[in-house]
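Asks: Using the hints, position chains B and C against chain A.
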Amino acid sequence: MNLDWTDEELAFRDEVRAFLDAHLTDEIREAGRLMTSVYGEHERSLAWQKILHAKGWAAPAWPTEYGGAGWSVAQRYIYARERVAAGAPPVSPMGIQMCGPAIIGHGTAEQKAYFLPRMLSGEHFWCQGYSEPGAGSDLAALQMRADDDGDDLVVSGQKIWNTHADVANWGFFLVRTARLARPQLGITFLLIDMTSPGVSVRPIISPSGEHIQNEIFLDAVRVPQANVVGAINDGWTVAKYLLEFERGGTAYAPELQARLDAIEAAAREVPGDEGGTLANDSSFAQRLARARIRVAAFETYEFRAMSAEGSPGMSASVMKIMGTELQQHMTELGLIVAGRYGIAYQPQAACPGGAVSFPHNASEYAGPRFAAIAPLRYLNERAGTIYAGSNEIQRNILAKGLGL
Amino acid sequence: MDFTFTEEQQLLRDSLRGYLRSHYGFDHRRARAAAKAVGMRTRGAPSQTGSAY
Amino acid sequence: MSLGGETAPDPVDLMVVMEELGEALVLEPYLETVVTGAALLRASGGPTADALLDGIVAGDVRLALGWAEPGTRYEWAPQETRAERKGEEWVLSGRKSVVIAAPWATHLIVSARTEGGVSLFLVAPDAPGVTLFAYPTIDGRRAADVEFADVRLDADALLGAEGAALPLLERVGDATIAAMGAEAVGIMRRLLQDTIAYTQSRQQFGQPISNFQVLQHRMVDMFMQVEMATSAVYLATLKLDAPAAERARAASVAKVTVAEACRFVGQNAVQLHGGMGMTDELAIGHYFKRATVIEGELGTVDHHVERFARLQPEAAE
Numbered sequence: 016m017n018l019d020w021t022d023e024e025l026a027f028r029d030e031v032r033a034f035l036d037a038h039l040t041d042e043i044r045e046a047g048r049l050m051t052s053v054y055g056e057h058e059r060s061l062a063w064q065k066i067l068h069a070k071g072w073a074a075p076a077w078p079t080e081y082g083g084a085g086w087s088v089a090q091r092y093i094y095a096r097e098r099v100a101a102g103a104p105p106v107s108p109m110g111i112q113m114c115g116p117a118i119i120g121h122g123t124a125e126q127k128a129y130f131l132p133r134m135l136s137g138e139h140f141w142c143q144g145y146s147e148p149g150a151g152s153d154l155a156a157l158q159m160r161a162d163d164d165g166d167d168l169v170v171s172g173q174k175i176w177n178t179h180a181d182v183a184n185w186g187f188f189l190v191r192t193a194r195l196a197r198p199q200l201g202i203t204f205l206l207i208d209m210t211s212p213g214v215s216v217r218p219i220i221s222p223s224g225e226h227i228q229n230e231i232f233l234d235a236v237r238v239p240q241a242n243v244v245g246a247i248n249d250g251w252t253v254a255k256y257l258l259e260f261e262r263g264g265t266a267y268a269p270e271l272q273a274r275l276d277a278i279e280a281a282a283r284e285v286p287g288d289e290g291g292t293l294a295n296d297s298s299f300a301q302r303l304a305r306a307r308i309r310v311a312a313f314e315t316y317e318f319r320a321m322s323a324e325g326s327p328g329m330s331a332s333v334m335k336i337m338g339t340e341l342q343q344h345m346t347e348l349g350l351i352v353a354g355r356y357g358i359a360y361q362p363q364a365a366c367p368g369g370a371v372s373f374p375h376n377a378s379e380y381a382g383p384r385f386a387a388i389a390p391l392r393y394l395n396e397r398a399g400t401i402y403a404g405s406n407e408i409q410r411n412i413l414a415k416g417l418g419l
Numbered sequence: 482m483d484f485t486f487t488e489e490q491q492l493l494r495d496s497l498r499g500y501l502r503s504h505y506g507f508d509h510r511r512a513r514a515a516a517k518a519v520g521m522r523t524r525g526a527p528s529q530t531g532s533a534y
Numbered sequence: 006m007s008l009g010g011e012t013a014p015d016p017v018d019l020m021v022v023m024e025e026l027g028e029a030l031v032l033e034p035y036l037e038t039v040v041t042g043a044a045l046l047r048a049s050g051g052p053t054a055d056a057l058l059d060g061i062v063a064g065d066v067r068l069a070l071g072w073a074e075p076g077t078r079y080e081w082a083p084q085e086t087r088a089e090r091k092g093e094e095w096v097l098s099g100r101k102s103v104v105i106a107a108p109w110a111t112h113l114i115v116s117a118r119t120e121g122g123v124s125l126f127l128v129a130p131d132a133p134g135v136t137l138f139a140y141p142t143i144d145g146r147r148a149a150d151v152e153f154a155d156v157r158l159d160a161d162a163l164l165g166a167e168g169a170a171l172p173l174l175e176r177v178g179d180a181t182i183a184a185m186g187a188e189a190v191g192i193m194r195r196l197l198q199d200t201i202a203y204t205q206s207r208q209q210f211g212q213p214i215s216n217f218q219v220l221q222h223r224m225v226d227m228f229m230q231v232e233m234a235t236s237a238v239y240l241a242t243l244k245l246d247a248p249a250a251e252r253a254r255a256a257s258v259a260k261v262t263v264a265e266a267c268r269f270v271g272q273n274a275v276q277l278h279g280g281m282g283m284t285d286e287l288a289i290g291h292y293f294k295r296a297t298v299i300e301g302e303l304g305t306v307d308h309h310v311e312r313f314a315r316l317q318p319e320a321a322e
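As given, the protein sequences belong to chains A, B and C, one line each in that order.
Take 16 as the starting number for the first sequence in my numbering and just add one per residue.
Take 482 as the starting number for the second sequence in my numbering and just add one per residue.
Take 6 as the starting number for the third sequence in my numbering and just add one per residue.
Please keep in mind that the hints were generated in silico from the structure rather than gathered at the bench.
Note that beta-carbon positions come from the ideal geometry of N, C-alpha and C, so glycine has one too.
Mixed in with the good hints there might be a few duds.
Unchecked claim - Partner residues aside, some chain C positions facing chain B, computed with beta carbon under 8 angstroms:
| hint | residue |
| --- | --- |
| 1 | Val21 |
| 2 | Glu25 |
| 3 | Ala29 |
| 4 | Val306 |
Unchecked claim - Calculated cross-link-like contacts (lysine to aspartate or glutamate; reagent style DMTMM-like; alpha-carbon spacing at most 20 angstroms):
| hint | chain 1 | residue 1 | chain 2 | residue 2 |
| --- | --- | --- | --- | --- |
| 5 | A | Lys415 | C | Glu33 |
| 6 | A | Lys415 | C | Asp199 |
| 7 | A | Lys70 | A | Glu138 |
| 8 | A | Lys65 | A | Glu30 |
| 9 | A | Lys127 | A | Glu138 |
| 10 | A | Lys65 | A | Glu45 |
| 11 | A | Lys70 | A | Asp29 |
| 12 | C | Lys294 | C | Glu120 |
| 13 | C | Lys294 | B | Asp508 |
Bound-form chain A, shown alone:
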């Protein structure tokens, strides 16, 4: 038992560091450092994806035969740590992290050959169509229907919470193709061209004023049967595979460590209550130390989960719950550091994940830059414990795992 990286892993870390150093422009770094949510600004994060793609690093977890980097879990962890430390934005997870593995795991040879290269290059930008107004935590209650019509399926219905659907040209959807004994049966996993006639997208503005989320309305959209992934009526199997990947695919600690450092650095720049900077205030120092302690224990948990063989199982849910709760805690600390400037609405000082519609100034801003980002992060991060299977659903999953 040991906590050391191997020589190969350390060499890999140096290689990643050198690559990030050489290829990250100031503009792209800004998109990472000034993020207001888990989503990078679309244009710049896509530009970064193209740089990564040229190196063969766009898809860390995919096997090399499909154009992935084929990295081990440890290498992916090291990459994530270096990436956030260097301030690079994340690549959109919808295609490469979520739809890609579904196609790799359950797609046909034709689907793999057509979709995977375009997903990597960014030519296809993906959105997810799972949730519906009446199917959130109870996803299997989804109603969007797809009727068999010769070579096509004809799809009608509504989806909601579709990240970046306004800029996506492809979407992966769960649709109902049959009404069978259990709601999980009769669901089909379907790839839909978002430029098809009958597709319309309506924005949802978040409490932070950002347009990242959308609703999608499909009105008799014709989709070739060839776009079904897996078997008709067996989409739940594909979705479960993907959900597991979505939950277990991300380590939270690298981002959390970077957040802690940013919070501490910002606290050194603002006045405290005890005559020095906020970082020197004893109560703030204790809060920060407690947060660092929680993250240190959690990071070791992620190392354990990463080193364990086999499917992620319960650890995926533990990571989702603890990771998002800690991320929310980081945003609470951020608000403390922001102080009174934390109530100023200044998204122009940040790099939001989507267009901002609320009234705000065009470029200049008041107060420290950190303070301009803090409230947006706080507001947006409330979503962390809701999306990707709410933390209450995750606790239900863990209860089952405990035999309850």
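Replies: Below, chains B and C without anything else, positioned relative to chain A:
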């Protein structure tokens, strides 16, 4: 990075667990906790109680 | 398992043993003797220490460390206990508070201020001038307040170099925190298992109370706390050979995480056992009491948060 136990450590765990299960049940533990003769060498109360407590 | 020199137990071996001792709620002073005491003896070296290490393996020697005093809290440095050199001998005077396992011990290790700093001495509990005021602790173990009234000690009672004990106590203290954390992990696993089993057997409103989501989620939160504590104990154990500040920060991570888990898991195990959690008859209450003791031993949560904040990490690799 490695979080696996060696074979020896696994063996240590199994044999100790087996021993404790057969020789250190809850009643045994309770009896030992309640034993009056615990080797106390007592000569009265301390001269002064501590201020910190 | 041998305890001397090169064949000293690996920290991971000790972690395995302590977890099992925790799960069986063993009373005997293994932690005090084999973890803390043996590590101090090993670091001190010399024929006396070697003989005692052999005695531990033979089962003849049990140790207790007197470090805290009525006038100190969690810092390792002694205040009123002093030892002065008188010719070939040392004369020890002062008091130690809540010396765990002292009534069971064949030998006491006592920290004292000497001319050169802080030193450790080996003291026989029945030596003239030594007085034990012994009492049980809430977890069914034994402890004592110990007074030293001009206790005359031979020259070889000094363990290690004179004045060099403070960094040693800090290092062995961190090793003790890691091992005690492993014991706590064993205890908490048992508390969780018993709670799951109890809620599955207890019927109310015509069904097992484990069917209720509010109880399920509570047990899931207990499980997650046990997992965080386990992880923090691994961290502290695997960092025991790291540079001092890094080692100490990892130990504080473990102490804080374990203490908070002990409180949450212990209290909720009692809560979910309902009235049965409030009797002395079930094991649950006894595990809860040991968890409560561990929670505060070798520094409270606040103490270790403060220590963690004070110790700056070494420059990044």
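Asks: Check whether the Cα positions of C:Lys294 and C:Glu120 lie no farther apart than 20 angstroms.
Replies: violated, 41 angstroms
Asks: Are the Cα atoms of A:Lys70 and A:Glu138 separated by 20 angstroms or less?
Replies: holds, 17 angstroms
Asks: Straight-line Cα separation of A:Lys65 and A:Glu45 no greater than 20 angstroms?
Replies: Status holds; Cα separation ~17 angstroms.
Asks: Is the hinted pair A:Lys70 and A:Asp29 satisfied, with a Cα-Cα distance of at most 20 angstroms?
Replies: holds, 15 angstroms
Asks: Is the interface hint satisfied for C:Val306? The criterion is a beta-carbon contact with chain B at less than 8 angstroms.
Replies: violated, 18 angstroms
Asks: With chain B as the partner, please determine if C:Ala29 meets the hint condition of a C-beta pair closer than 8 angstroms.
Replies: Holds, about 4 angstroms.
Asks: Hey, C:Lys294 versus B:Asp508, does the alpha-carbon distance stay inside 20 angstroms?
Replies: Roughly 16 angstroms between the alpha carbons, so the hint for C:Lys294 and B:Asp508 holds.
Asks: Compare the distance between the alpha carbons of A:Lys415 and C:Glu33 with 20 angstroms, and conclude whether the hinted pair is satisfied.
Replies: violated, 37 angstroms
Asks: Min Cβ distance, C:Glu25 to chain B: is it shorter than 8 angstroms?
Replies: Holds. Min distance 5 angstroms.
Asks: What's the verdict on A:Lys415 and C:Asp199, does the C-alpha distance respect the 20 angstroms limit or exceed it?
Replies: holds, 17 angstroms
Asks: Quick check on C:Val21 please, does its C-beta sit within 8 angstroms of some C-beta on chain B?
Replies: Holds, because the Cβ-Cβ distance from C:Val21 to chain B comes to roughly 5 angstroms (cut-off 8 angstroms).
Asks: Quick one, are A:Lys65 and A:Glu30 close enough, alpha carbons at most 20 angstroms?
Replies: holds, 19 angstroms
The structure shown violates the earlier hints numbered 4, 5 and 12.
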